[in-house]
Amino acid sequence: GGSTIAITSDRFIIFWTQNQKSQQAVGRLAPTGSGSIDWADSAGATTLKQMVANGINREFHEESNNSGFKLHYSQIAETRIIGYFRNLLRGGKPEFVAISRLLVSNAVLEPNDDEVEDLSSVNSLPSRHQVNSFNELRQLVDSLLVEKKNLNQMSVHLWANLLALKE
Numbered sequence: 002g003g004s005t006i007a008i009t010s011d012r013f014i015i016f017w018t019q020n021q022k023s024q025q026a027v028g029r030l031a032p033t034g035s036g037s038i039d040w041a042d043s044a045g046a047t048t049l050k051q052m053v054a055n056g057i058n059r060e061f062h063e064e065s066n067n068s069g070f071k072l073h074y075s076q077i078a079e080t081r082i083i084g085y086f087r088n089l090l091r092g093g094k095p096e097f098v099a100i101s102r103l104l105v106s107n108a109v110l111e112p113n114d115d116e117v118e119d120l121s122s123v124n125s126l127p128s129r130h131q132v133n134s135f136n137e138l139r140q141l142v143d144s145l146l147v148e149k150k151n152l153n154q155m156s157v158h159l160w161a162n163l164l165a166l167k168e
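In terms of my numbering, the sequence shown is residues 2 to 168.
Don't read these hints as lab results, they were simulated from the structure.
One should not assume that every hint holds.
[What the hints assert, rightly or not] In silico DSS-like pairs for lysine-lysine, Cα to Cα no more than 30 Å straight-line: (1) Lys94 <-> Lys50; (2) Lys167 <-> Lys94; (3) Lys167 <-> Lys50.
Everything numeric in this text was worked out from a predicted model, so none of it was measured.
Let's have the full structure, built from the sequences with the hints guiding it.
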C-alpha cells in the first residue's frame with residue numbers, strides 16, 4: 002500500500018477523514034491519498050519507486066477528486082517516496098509513505114464522498130494547515146505527533162507519514 006501528504010500550490014497540507022465506507026480507520030484523519038497499490042499501477046513504470054508513486058497518485062486522485070472538480074494527474078507535479086513501514090496491525094503489510102507537490106490550490110480540492118470526507122468543522126484536529134516555510138512544516142509535524150489526543154484521531158498511515166516527514 003501507499004499514502005501521501007499533498008501540499009497545494011498555496012502551501013496547504015490537507016488531511017481527509019476516513020468515512021464509513023472505509024475498510025480501515027473509520028472516522029480518523031488520513032493522508033490526502035491512501036490505499037492499496039495495484040498491479041495496474043506498474044503500467045509504464047520501470048522501477049519500484051515509479052510503480053509505488055503511480056499507485057499513490059491514483060489513490061490521491063480517487064480520494065481528492067469530487068464530482069464537481071476534475072483533478073488531472075498532470076496537476077500532481079511530483080510525488081516523492083519518503084519512507085516505508087510494515088503495518089503490524091495488518092499482518093506486516095508493506096506500506097510506502099510519500100509527499101506530493103500539487104499545482105492546484107487548496108480551495109479546489111474536495112474529498113470524494115465515496116472515499117473520504119472533510120470533517121474539519123467538527124473534528125478538534127483541523128484538516129487543513131497552511132505552512133509557508135520548512136520551519137512551519139516542522140512545527141506542524143511536531144505538534145501533531147506530540148499531542149497524545151492527536152494520535153487517537155489519526156490513522157496509522159497518517160502517523161507513519163508524519164514520522165517519515167519529520168525525519
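Status of the hints after comparison with the structure:
no. : hint             : result
1   : Lys94 <-> Lys50  : holds, 17 Å
2   : Lys167 <-> Lys94 : holds, 22 Å
3   : Lys167 <-> Lys50 : holds, 20 Å
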